[in-house]
Amino acid sequence: MIYVQLFLSFFKIGLFGFGGGLAILSLIQHEVERYGWMTQKEFVDIVAISQVTPGPIGMNCATYVGYTATNSILGSVISSIAVVLPSLIIMFVLCRLYFLMQKRYQNNVYYVNTLRGIRFLVLGLIGAAALSLMTKESFFDWSSWVIFGIVFVLGILPQLVSKNCVRTHKFITWLSNPILLILMAGVAGYLLY
Amino acid sequence: MLFQLFWTYLKVGTFTLGGGYAMLPMIQHEVVNRRKWIDEEEFLNMIALAQAAPGLIAVNSAFFIGWRVGQNSPHSQSKLFRILCVLSTILGAILPSFVIILAIAILFSDYKSLPAVEAIFKGVRPAVVALIASPLFRMAKVAGLSYLSALIPIAGALAIWLLGWSPVWLILLLIVSVIGYTWLAERRHK
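Note that the protein sequences, when read in sequence, are chains L and D. Residue numbers are given in my numbering: position 182 of the first sequence equals residue 182, and the series is strictly consecutive. Count along the second sequence starting at 1, add 193, and that's the number in my numbering.
The following block holds chain L by itself, in its conformation from the complex (with noise of 0.2 Å):
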């Protein structure tokens, strides 16, 4: 049942799954919540290690979510099956209507709209997963905050430092890598707590 379950939940979440990685992630915590396949803290613990290893994030956390919640590799099999054959089917047919598509419907109104609307939504689905992930297990004390406040701060430099010094853009881009930021992080914790 469970493995049923499983299959139809990423199988929605790669069929709604708009706007790649990030924006998934606010589906997967819903399936996942509603569920009960794992607890919030588990689920950011995933999101680490989905950051820090290969590969596109909502594979990551498909594959993970299939095996910690049947406890066996037939269960992560199931789900990252599931997750990628949304894709398969859409991609087959919009590679078929490639050439039609992108002549009739560029500057169709309907299509445009529709598309811009989505890429909005997408920024929304993004900012729920962050908020919904700051919970008191995570952000147990101000030393939390702390780490926080400087990996967004880092994140979000390159926007704030201009481009015509190109050292010092190069040095700020570099330090802004998120592997780079969860790997300090690591450090930080294992030394703090």
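Since the hints were made in silico from the structure, they are not lab data. Ideal Cβ positions, reconstructed from N, Cα and C, are used throughout, including at glycine. It is possible that some hints are incorrect.
[Claimed, not checked] Heads up, simulated SDA-like pairs for lysine to any residue below, C-alpha to C-alpha not over 25 Å straight-line:
hint: 1; chain 1: L; residue 1: K136; chain 2: D; residue 2: P328
hint: 2; chain 1: L; residue 1: K41; chain 2: D; residue 2: P308
hint: 3; chain 1: D; residue 1: K305; chain 2: L; residue 2: N71
hint: 4; chain 1: D; residue 1: K229; chain 2: L; residue 2: F92
hint: 5; chain 1: L; residue 1: K136; chain 2: D; residue 2: L355
hint: 6; chain 1: L; residue 1: K41; chain 2: D; residue 2: F301
hint: 7; chain 1: L; residue 1: K170; chain 2: D; residue 2: M219
hint: 8; chain 1: L; residue 1: K136; chain 2: D; residue 2: L356
hint: 9; chain 1: L; residue 1: K170; chain 2: D; residue 2: M332
hint: 10; chain 1: L; residue 1: K170; chain 2: D; residue 2: L203
hint: 11; chain 1: D; residue 1: K334; chain 2: L; residue 2: F152
hint: 12; chain 1: L; residue 1: K12; chain 2: D; residue 2: W362
hint: 13; chain 1: D; residue 1: K204; chain 2: L; residue 2: I78
hint: 14; chain 1: D; residue 1: K305; chain 2: L; residue 2: E31
hint: 15; chain 1: L; residue 1: K41; chain 2: L; residue 2: W145
hint: 16; chain 1: D; residue 1: K229; chain 2: D; residue 2: L217
hint: 17; chain 1: D; residue 1: K334; chain 2: L; residue 2: N177
hint: 18; chain 1: L; residue 1: K41; chain 2: D; residue 2: L351
hint: 19; chain 1: L; residue 1: K12; chain 2: D; residue 2: G357
hint: 20; chain 1: L; residue 1: K12; chain 2: D; residue 2: L295
hint: 21; chain 1: D; residue 1: K334; chain 2: L; residue 2: K136
hint: 22; chain 1: D; residue 1: K334; chain 2: L; residue 2: H169
hint: 23; chain 1: L; residue 1: K41; chain 2: D; residue 2: L217
hint: 24; chain 1: D; residue 1: K204; chain 2: L; residue 2: N71
[Claimed, not checked] To list a few chain D residues with every Cβ distance to chain L over 10 Å, as calculated:
hint: 25; residue: K229
hint: 26; residue: F236
hint: 27; residue: N265
hint: 28; residue: L273
hint: 29; residue: F274
hint: 30; residue: S290
hint: 31; residue: A343
hint: 32; residue: V361
hint: 33; residue: Y374
[Said to hold, decoys possible] Covered stretches of chain L, going by a simulated chain D footprint (3 or more residues, C-beta under 8 Å):
hint: 34; region: 26 to 32
hint: 35; region: 55 to 69
hint: 36; region: 111 to 117
Position chain D against the provided structure of chain L, taking the given hints into account.
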């Protein structure tokens, strides 16, 4: 040929950290510059298509490349060959991530309770939340968000966070209301 497709995507899947968007420059390097399977313009079309379609961007782009290579090859008459092309790129893209994460999932359940591991993750958790939130500014700029259209993501985020709405229903609601709005605007225009 099939092996080349598989191998190229296996490399992309193994060496790109950080998900779909981080894969695009490497895919461009391998597929456009090195193998010359598609040209620059088609690559941009591919990104547009992979983003417009739901699902993982990496998988969507793998499908497109597999499909195009299958079409352009001398064996393009054979349907089986075209399907195999698509399967090679997709498997290459997802296999590394699947194997690595499965190994971590199996190992991590044993080590999770160690105090050192717990301490590391105590530091990592707030950082992860910050890393989810910080790309929002760049993405808002790219999407061309104005003060008025910013109401869409803000309302969406609050509906999910405070009211517990399902993201799926929000997406459907948005599609329906955008089409309704466009229809009204078109009618008034005439």
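Against the structure, the hints:
no.: 1; hint: L:K136 with D:P328; result: holds, 23 Å
no.: 2; hint: L:K41 with D:P308; result: holds, 15 Å
no.: 3; hint: D:K305 with L:N71; result: holds, 15 Å
no.: 4; hint: D:K229 with L:F92; result: holds, 22 Å
no.: 5; hint: L:K136 with D:L355; result: holds, 16 Å
no.: 6; hint: L:K41 with D:F301; result: holds, 14 Å
no.: 7; hint: L:K170 with D:M219; result: holds, 19 Å
no.: 8; hint: L:K136 with D:L356; result: holds, 19 Å
no.: 9; hint: L:K170 with D:M332; result: holds, 20 Å
no.: 10; hint: L:K170 with D:L203; result: violated, 29 Å
no.: 11; hint: D:K334 with L:F152; result: holds, 17 Å
no.: 12; hint: L:K12 with D:W362; result: holds, 11 Å
no.: 13; hint: D:K204 with L:I78; result: holds, 24 Å
no.: 14; hint: D:K305 with L:E31; result: holds, 23 Å
no.: 15; hint: L:K41 with L:W145; result: holds, 16 Å
no.: 16; hint: D:K229 with D:L217; result: holds, 15 Å
no.: 17; hint: D:K334 with L:N177; result: holds, 19 Å
no.: 18; hint: L:K41 with D:L351; result: holds, 21 Å
no.: 19; hint: L:K12 with D:G357; result: holds, 17 Å
no.: 20; hint: L:K12 with D:L295; result: holds, 22 Å
no.: 21; hint: D:K334 with L:K136; result: violated, 31 Å
no.: 22; hint: D:K334 with L:H169; result: holds, 18 Å
no.: 23; hint: L:K41 with D:L217; result: violated, 31 Å
no.: 24; hint: D:K204 with L:N71; result: violated, 29 Å
no.: 25; hint: K229; result: holds, 19 Å
no.: 26; hint: F236; result: holds, 14 Å
no.: 27; hint: N265; result: holds, 13 Å
no.: 28; hint: L273; result: holds, 15 Å
no.: 29; hint: F274; result: holds, 15 Å
no.: 30; hint: S290; result: violated, 2 Å
no.: 31; hint: A343; result: violated, 8 Å
no.: 32; hint: V361; result: violated, 5 Å
no.: 33; hint: Y374; result: violated, 8 Å
no.: 34; hint: 26 to 32; result: holds (count 3)
no.: 35; hint: 55 to 69; result: holds (count 10)
no.: 36; hint: 111 to 117; result: holds (count 5)
Against the hints set out earlier in the document, violations occur for numbers 10, 21, 23, 24, 30, 31, 32 and 33.
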